[in-house]
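K.L.:
Next come the chains, spelled out residue by residue.
Number of protein chains: 2
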Amino acid sequence: MAVLVLKFGGTSVANPERIQQAAKKVKAEIDLGHKVVVVVSAMSGVTNQLVDYVRSITPSYDPSEYDVVVASGEQVTSGLMALALQQLDVKARSYQGWQLPFYSTDKHEKARIDEIDANVLNDCFAQGITPVVPGFQGVTRPTKEDRGRITTLGRGGSDTSAVALAAALKADRCDIYTDVNGIYTSDPRLVQKARKINRIAYEEMLELASLGSKVLQTRSVELAMNYKVPVQVLSTFDPALGSDLPGTFLVDEDIMMEKQMVTGLAHSRDEARITLTNVADKPGMLARIFGPLADANINVDMIVQAASDDGKTVDVTFTIPRSDIVKTTEALTANKADLGYNELQTSTDVVKISVVGVGMRSHAGVGQMMFKALAEKGINIQVVSTSEIKISVLIDESYTELALRTLHTVYGLDAA
Amino acid sequence: MAVLVLKFGGTSVANPERIQQAAKKVKAEIDLGHKVVVVVSAMSGVTNQLVDYVRSITPSYDPSEYDVVVASGEQVTSGLMALALQQLDVKARSYQGWQLPFYSTDKHEKARIDEIDANVLNDCFAQGITPVVPGFQGVTRPTKEDRGRITTLGRGGSDTSAVALAAALKADRCDIYTDVNGIYTSDPRLVQKARKINRIAYEEMLELASLGSKVLQTRSVELAMNYKVPVQVLSTFDPALGSDLPGTFLVDEDIMMEKQMVTGLAHSRDEARITLTNVADKPGMLARIFGPLADANINVDMIVQAASDDGKTVDVTFTIPRSDIVKTTEALTANKADLGYNELQTSTDVVKISVVGVGMRSHAGVGQMMFKALAEKGINIQVVSTSEIKISVLIDESYTELALRTLHTVYGLDAA
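The listed protein sequences correspond, in order, to chains A and B.
For the working numbering, count along the first sequence from 1 and bump the result up by 698.
For the working numbering, count along the second sequence from 1 and bump the result up by 698.
Chain A extracted, bound-state conformation (with noise of 0.2 Å):
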């Protein structure tokens, strides 16, 4: 008899007919003998829609009324599941996160995790309820003014909310039940040999998700990390149940059992490359190129400096977020008389593509496997980055299919 936090992610609860079929998967794991939470995100598009109703209101809006309109979604699809399981002869109630409480921080539309009161969860344990629990919202402490406001913790915060919750009740597993059967070596619609992980290592997944791989929330794989959740994730339209272990586990990196060099790769077509050509190389400069961009709340990925023709200054290449296109040429021609570079070039015509493996800590070599391979394919590697336990390389953008596909293979990681 374990205690379980199931959550569904906005595809798994898209409609009435969807959250029934949700509820028999609960159903199914109480019939088993275990404890379930369950906690649910909006129906996908609901967010969206909100999220439309509060800009076209006004762009610079407040972000604590933000809260307010946006955490209705989980509020509606937390009732409905309720009823559903209810519908099966579950005895299921629904508490919003003012009512458990869920205490957040006051960041409005970013909150993060102040405290989880576990009692009320514990207490319907031993009465034979099964809560559920609309992911993403949270609650301020209360005040003497009032009884705490409604906050929400980021897009894709309901994973976050799932692993908060299973870390306070020291839960057995926490399935994050999502429109794919788990994580996948790449992207299977790009890579046809991609094959299902079985297991990962949280670190690996932090990397991952960081770079490109959209199936979990990072702040949640942080998390999971920190409390050592055990987390799996699975497919809701897979009619294997959690218990069943159909889908990829995130796991502490010592308990897996053989560490591959690469567990998988991961793209990024979110990048845009800026190159400052004819920089004075003089100690200083990256500084006051930098600044900024940092004040501007751009974030800065890759940065490679190389020297320029003339043999006397340098080269600045580095990447930002494609949707900062805009502010950082801004920045950067508002600067130009102090930072003194000759031209500034831009291209979105670019992909990152990162290996990923806690096996490169004791395997040397992966890099120089990467860059062979992809020489051999004739594809030009413009900016390289490394951490101990990946490698991103920025490609064109053309060739992203090819890069995946040989690098799949270069590693080991085909399917048989």
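Rather than coming from a laboratory, the hints here were simulated on the basis of the structure.
All residues carry an ideal CB built from backbone N, CA and C; glycine is no exception.
Errors might be hidden in some of the hints.
Said to hold, decoys possible - Derived CB-CB ranges, DEER-like:
id : chain 1 : residue 1 : chain 2 : residue 2 : range
1  : B       : 825       : A       : 937       : 35 to 41 Å
2  : A       : 713       : B       : 713       : 18 to 24 Å
3  : B       : 750       : A       : 937       : 27 to 33 Å
We have chain A; now place chain B onto it with these hints.
P.N.:
The following block gives chain B in isolation, referenced to the frame of chain A:
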């Protein structure tokens, strides 16, 4: 400087643009120096959509989870209204039912107001903040197990929320913004000469609301009458501001300067007529007929008993809501042996026409004028029922417009 409660119905907040228009009216009142509480309904159509979701999951739903789902519509508009006001440089914030708190009984789906804490709202006024409150929502008192549950006050309950808040604040006026510019002497779509009424007594409005006028929820009128809340019904699409007093005022009968015999006409097509023929004319028979209907929660309205053709038995005719016709015939058929009637006749080709006016108390002959006028047009009266300030007749539905226009003229209601 007055305290005002401004309530905007579903068509007044149907989309972000309408919410911005409504916010301008609020801002204009504030610019006049008034202290304002805003109450909002859900966007028109949203509550029906949410109710459909609930019903498609289970027709026999748990009303406490129903309330969680349907109360979300007002949460959305309360946040959006606060944002629209902020956009106009009004310091505004939303307070959900549980944040005020707005305590109600725990009779979910049809909760009654228990107690409203006006302290938060008065504190807002002191700080120059305009509070926005979702209508329709309440919350039960917190218990040891949880922090209270969300309730709703029944369809149309936002009117009741607004009047209750006005009563709690001892507001100078409660403006109900809707899609018509007041209460009319009759339905303007049927009676071209219908006039807007400037002042109507609470009791008259109560009769009109329960007799088929859908402008205000009956409970809101009761509450206004009990707490002497000055309510104005006005159009959100009329450029006139509430403080210009363009609408219809609900007032105490005592302060109505001249009491007309008849203030207005109502009609309801939501009626069905049932006749049981040849019922034995003995004591207790009516109780035996209506007992099973009361048990089935069917609201019997007009009742008449007349001698049958055979001179020994009676025919009993009565009206019920049209939607209850199946339940009613089932209940009567099941008890046929006990009741011993000959035939059960049903008709839905009927309409109830009512004339309402507090002046009836001091004028004799109001009914006689009605009966004579209808007879002259060849309209047969099937059933009559009266109260101190209204007379209702059931007639053939095809005469609806003719009867309304005739009575409108006879009682001197026609526009000049």
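K.L.:
Hints first: check each against the structure and report whether it holds.
P.N.:
Here is how each hint holds up against the structure:
1. B:825 to A:937: 35 to 41 Å: Check failed, 57 Å falls outside 35 to 41 Å.
2. A:713 to B:713: 18 to 24 Å: holds (23 Å)
3. B:750 to A:937: 27 to 33 Å: holds (29 Å)
In terms of the numbered hints stated before, the structure departs from hint 1 and from no other.
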